[in-house]
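Asks: Sequence:
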Amino acid sequence: MTLVLIIGGALLGFSVFWALRQLLPSPPHLASAMERLHVSPLDAVQALTGEHGASTRGVQRASRVAASTDLRDRIGTRVAHLVRNIAILQPRQQDLRLLGTTTSEWFGEKAVWGLLGLLSPALFYVATCLPALATGGAPFLPVQLPLLLGPLVGIFTWFVPDLQLKGRVSAARTEFKRAIAAYIEFVAMERRSGMGQEQSLANAAAIGQSWPFQRLQQQLLRCSWSGIRPWDGLHELSREVGVIELAELAETMRLSTEEGVHIYRTLRARATSMRNAQVTADQTEANAVTERINGPLGLLVMMFGLFIVAPMLLQTAL
109 MTLVLIIGGA LLGFSVFWAL RQLLPSPPHL ASAMERLHVS PLDAVQALTG EHGASTRGVQ
169 RASRVAASTD LRDRIGTRVA HLVRNIAILQ PRQQDLRLLG TTTSEWFGEK AVWGLLGLLS
229 PALFYVATCL PALATGGAPF LPVQLPLLLG PLVGIFTWFV PDLQLKGRVS AARTEFKRAI
289 AAYIEFVAME RRSGMGQEQS LANAAAIGQS WPFQRLQQQL LRCSWSGIRP WDGLHELSRE
349 VGVIELAELA ETMRLSTEEG VHIYRTLRAR ATSMRNAQVT ADQTEANAVT ERINGPLGLL
409 VMMFGLFIVA PMLLQTAL
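Heads up, the sequence shown is in this note's numbering, so the first residue is 109 and it goes up one at a time.
Derived by calculation from the structure, the hints in this document are not laboratory data. Here a beta-carbon is modelled for each residue, glycine too, at the ideal position from N, C-alpha and C. Hints are not guaranteed to be accurate.
[To be verified] Across the chosen pairs, the derived CB separations fall in these ranges: (1) E356 - G413: 50 to 58 angstroms; (2) P404 - F232: 23 to 31 angstroms; (3) I336 - T388: 34 to 42 angstroms; (4) Q317 - P404: 51 to 59 angstroms.
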């Protein structure tokens, strides 16, 4: 019994320490502080302008440096190093770039979930059996239970972020496509007002404040600083986030510059086509949700009818 009390107290103490360690700020790491001193001016500007879902390498680098003292990020870095040669455990970099998450942050989140799953059976055992042991009684659960369930629950919770990733990526990509449809419309309006190609792209990106528009602003800002043509930068962003509509816009703007093609009607038609496709997709999703609801709803109606009819049948039988 003494050994069980010691183990339970140690687990509780570790849980309290871990929670405090996450909440309280840690002292800065010297190497990280020195690296922050060498962030380029472009990286600094992008870090200041980037908020949700920053996509450029400069913003990601500044974010990684600023978060390097975080316990979860350090754990994620070590885990990523350990599993770097296991292809099945590697996330899709395109999905992480779309969400603005680094590999270290991703594996850090998975490590936290796995640790919580590993410790949850032991914490449950301590919380339920410790009062009985403290009063001299016998635990109603075997002590081997948390030792057996801990690794199983930990393995399951390790993959919880993977289960969430698909939905998060799908929602983010859908939101990005909606923003691109509006962005194409804004670019068409800027072109009709007499603005040049590059200025039209920049002005249209500055209209919106959502995170997809911020990604566009950051990419165009990086292009202006580094001397890259904006449509080439949009091509790169399209590959990063997996939205081909953005690449089509970039190609249209490139042809307009090199061949003098009038693109106002083309852009308006493309924006209308994207909106119609989004409406169709929304209707399809709504129909699918309705079909999924019909099954539980029908079962509920059957149970309610049985609840009403059963007493009458029993009374008739008796």
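Asks: Next step is simple, just say for each hint if it's right about the structure.
Replies: Cross-check of the supplied hints:
1. E356 - G413: 50 to 58 angstroms: holds (54 angstroms)
2. P404 - F232: 23 to 31 angstroms: This hint holds: roughly 30 angstroms between Cβ atoms.
3. I336 - T388: 34 to 42 angstroms: holds (35 angstroms)
4. Q317 - P404: 51 to 59 angstroms: violated (39 angstroms)
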